[in-house]
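Asks: For what it's worth, my numbering labels the leading residue of the sequence shown as 1, then goes sequentially.
The set of hints was computed from the structure by calculation and includes no laboratory data. Predicted, not measured: the structure shown is a model, and the values here were computed from it. One or more hints might be untrue.
Said to hold, decoys possible - With a cut-off of at most 20 Å between alpha-carbon atoms, the simulated EDC-like pairs for lysine to aspartate or glutamate come out as follows:
#1 Lys149 - Asp74
#2 Lys79 - Glu144
#3 Lys41 - Asp94
#4 Lys104 - Glu59
#5 Lys79 - Glu115
#6 Lys104 - Glu115
#7 Lys86 - Glu30
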Amino acid sequence: MITRAFGIVLGASLLSATLAQAEYRAYELEVFDRVTNISQKIITAFSPSDYIAAYGGAERLGVTIRASWICYGDTASYKPVCPMPKAINPQFQDGDRIQIMLPKHLTDQWVGVIENSFFRPGLRSNVYGVRFPERGNLYSRYYEAHLQKAP
């Protein structure tokens, strides 16, 4: 009887282990090389600190996180990173001029340009990457509810 119960538990454990799926965080990074003065956008499974350590060090590279999302599976055997989730019914498109609507926030009333958008399922919201050309090219992310079309 004990052997049978042990067999059932062992079988269930092995079955659930084969059904389990790994997950990882993917990033869209803006990487600036201080030596060549070149900036590029990349999608990777490396965290920003790991990317800097692997590709040149903090003295050479600067990194800004443009977006991050969860992927299921793995990147073994050079599998590509899963794509960024598309925004769902977005109110704004890349290139739109928008104004930030966040009272008591440093960026309240700032005007910027949408550079990217993606959906965050855990937040049930679209998130937008906004560049502020008149503010030293600062980049930040905002929820859709905190943006409006610029006047």
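Asks: All hints, please: hold or fail.
Replies: Going down the list of hints, with the structure as the test:
1. Lys149 - Asp74: 39 Å, violated
2. Lys79 - Glu144: Violated, at roughly 32 Å.
3. Lys41 - Asp94: 15 Å, holds
4. Lys104 - Glu59: 35 Å, violated
5. Lys79 - Glu115: This hinted pair is violated, its Cα atoms lying about 27 Å apart.
6. Lys104 - Glu115: With Cα atoms ~24 Å apart, Lys104 and Glu115 exceed 20 Å; violated.
7. Lys86 - Glu30: Cα-Cα ~19 Å, so holds.
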